[in-house]
Amino acid sequence: MPDAVVATAVALHADRPGGLLPLLHEIQDRLGYVPPESVAPIAKAMRLSQAEVYGVIGFYHHFRQSPPGRHVLRICLAEACQSMGSKQLLEHARRTTGIDLHETTADGALSLEPVYCLGNCACSPAVLVDNDLIGRVDEQRLDAIVDQCRRTA
Amino acid sequence: MTTRIFVACDSCALSVGAQAVVEAIVAEAARRATPIELVRTGSRGLLWLEPLVEVQTMDGRVAYGPVRVQDVGALFASDFLQGGRHALGHGLTERIPYLARQERRTFARVGLVDPLSLDDYLRHGGYLGLRRALTLAPAAAVQTLVDSGLRGRGGAAFPTGIKWQTVLGEKSPTKYVVCNADEGDSGTFSDRMIMEGDPFVLIEGMTIAGIAVGAEQGYVYVRSEYPYAERTLAKSIELARAAGYLGADVAGSGKRFDLEVRRGAGAYICGEETSLLESLEGKRGMVRFRPPLPAVQGLFGKPTVLNNVISFATVPTIFADGAQTYRDYGMGRSRGTLPFQLAGNIRHGGLVEKAFGLTLRELLYEFGGGSASGRPIRAVQVGGPLGAYVPASQFDTPLDYEAFAAMGAMIGHGGVVAFDDRTDLAQMARFAMEFCAIESCGKCTPCRIGSTRGVEVIDRILARQDPQGNVALLRDLCDTMTAGSLCALGGMAPFPVMSVLHHFPEDFGLEPASTLKSA
Chain A
4 MPDAVVATAV ALHADRPGGL LPLLHEIQDR LGYVPPESVA PIAKAMRLSQ AEVYGVIGFY
64 HHFRQSPPGR HVLRICLAEA CQSMGSKQLL EHARRTTGID LHETTADGAL SLEPVYCLGN
124 CACSPAVLVD NDLIGRVDEQ RLDAIVDQCR RTA
Chain B
134 MTTRIFVACD SCALSVGAQA VVEAIVAEAA RRATPIELVR TGSRGLLWLE PLVEVQTMDG
194 RVAYGPVRVQ DVGALFASDF LQGGRHALGH GLTERIPYLA RQERRTFARV GLVDPLSLDD
254 YLRHGGYLGL RRALTLAPAA AVQTLVDSGL RGRGGAAFPT GIKWQTVLGE KSPTKYVVCN
314 ADEGDSGTFS DRMIMEGDPF VLIEGMTIAG IAVGAEQGYV YVRSEYPYAE RTLAKSIELA
374 RAAGYLGADV AGSGKRFDLE VRRGAGAYIC GEETSLLESL EGKRGMVRFR PPLPAVQGLF
434 GKPTVLNNVI SFATVPTIFA DGAQTYRDYG MGRSRGTLPF QLAGNIRHGG LVEKAFGLTL
494 RELLYEFGGG SASGRPIRAV QVGGPLGAYV PASQFDTPLD YEAFAAMGAM IGHGGVVAFD
554 DRTDLAQMAR FAMEFCAIES CGKCTPCRIG STRGVEVIDR ILARQDPQGN VALLRDLCDT
614 MTAGSLCALG GMAPFPVMSV LHHFPEDFGL EPASTLKSA
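Chain order of the listed sequences is A and B. Numbering of the first sequence is given in my numbering, commencing with residue 4 and proceeding in unit increments. Numbering of the second sequence is given in my numbering, commencing with residue 134 and proceeding in unit increments.
Don't take each hint at face value.
[Stated by the list, open to error] Sample of chain B residues at the chain A side, in silico, Cβ under 10 Å: (1) E349; (2) Y352; (3) Y361; (4) L413; (5) A476; (6) H481.
Just so you know, the hints here were simulated from the structure itself, not pulled from any lab data. We put the CB at the ideal spot given by N, CA and C, even for glycine.
Okay, chain A solo, but in the shape it has when bound (with noise of 0.2 Å):
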């Protein structure tokens, strides 16, 4: 399966200018990370170095290396939700599911990751869950969030 996802993206934006941010978008949508096995093909399709490869996918926050839980939850720790509580938001949320930021919990219903900036922040605190923006969140609105990563697939 991630060796089909590898392949396609490869074929689909391989040889697009500046193909190498499409194409592992592609692999991180669909398999909800970058595996580094997926690296070498690249390179090799690309005509880059691994290290070049290797380099891109490190150096974006966007990008992970990792299986993700099955769902993401970014709580925006940017200054206008800072003035609205997001850094006690995280504490809640670091004492309610037992995780610390870029951990997942032991159930793997959820990754807990950072964001600065969600473009919500007339209505912060925000957070985004995988896709979904949510704003105005407080500690009740938070633990049912979590509740509801950890009942879903």
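Fit chain B to the supplied structure of chain A, relying on the hints for placement.
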């Protein structure tokens, strides 16, 4: 008679439950066998009222908000489809003072139109700017932009027309138009609102740029944190292409211009223009040395017009209504309007497009209504994470590029984040350095190492270790970063730090007077 109801499909509205409200309205209307037509628009920018529900009446649209699912039954019972009275009612939307007092040029259509309806766009003056641009020779088209006085809305405020002139003057068969939609500054969301609320205006602005300078391909670099904006923009590009507004024969002119959306990958530095170009080329987003300028050697080494979303989105109105009309707004060398964004601890957060020259105080209190918490606003950060923390004593400064620069602050992309009196500003200063360390591309030493050392020095000051000595060291470090960094990230991260040292020394545990003396 079928009543038209408008609810935003903008990600901010959706983030506070607009979709559930829409579903409840549709269900309740069906239960009552009342015919309605639900139209999805961009957001009006009255964000504290989201989810905002507007009803078309004979007199105009009547606003209700913020509407929760449990309010829907009562709204129907109050005959809101006829504009009936209800506790959540605000009367005619256009007469809500927050909106009535704005001067919307760039945002003229946002909240009014269905963002994915090209017909709606055309009905509201869309593509008049392109029609006008197509009648002009390239040099005259570029001159129109120079005459408008438009300066880069991404934050650097460089005259947009001059940039276009440089690209026009380059002898290259291949040129590019690139839109910086990597809106990473905290407190800013105007780019997002345009892409989600009126994407065709951005497409039109970029098309005018391409035709004016002789470029046939454009890219919009959208940050990965904006999945809705990316989707809406990609769809609108398809629609524009299908209708002949993009492609081999733009609007029947015989000229070619096409657009593609590219997604960023969560790197704040890619909002810096040369780093963005590297990223578009599929590389690490490392800042480039300048010169050469992107206008001379930009994307793939070719001359490139590289502007922010708001700059491009303002181009159509300049061409449609004339450079002079736009230029008549504003003060000094800050011409036209700026879509300010009120954010953070503010009661009435949202988008306020006004001519340059109003004061922060007007923005914070007359529009913003003070803090959300009801406590005094202690400081505001203007212009994103690299902007100074401005104390209340400076709230009467007019919002003008030069006036802000004169006090060591910047307007930037127009984001204004309010903080109440419980804020520990020393912690915010520390965060500025911490953020710089997380997001530094690592190319130059002052930024890569300086930001980490900045966090450490601030921690020592806060731990009362030789405060005077460490404050002197912090100032010295800030000088080095400002003077020695390659780009604005390392060069300006000291601004918030120095502003806190200067205006709020007590948060560092320092005597106000002694700090001012050594300043």
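Here is what the structure says about each hint:
no.: 1; hint: E349; result: violated (13 Å)
no.: 2; hint: Y352; result: holds (8 Å)
no.: 3; hint: Y361; result: holds (7 Å)
no.: 4; hint: L413; result: holds (5 Å)
no.: 5; hint: A476; result: holds (3 Å)
no.: 6; hint: H481; result: holds (9 Å)
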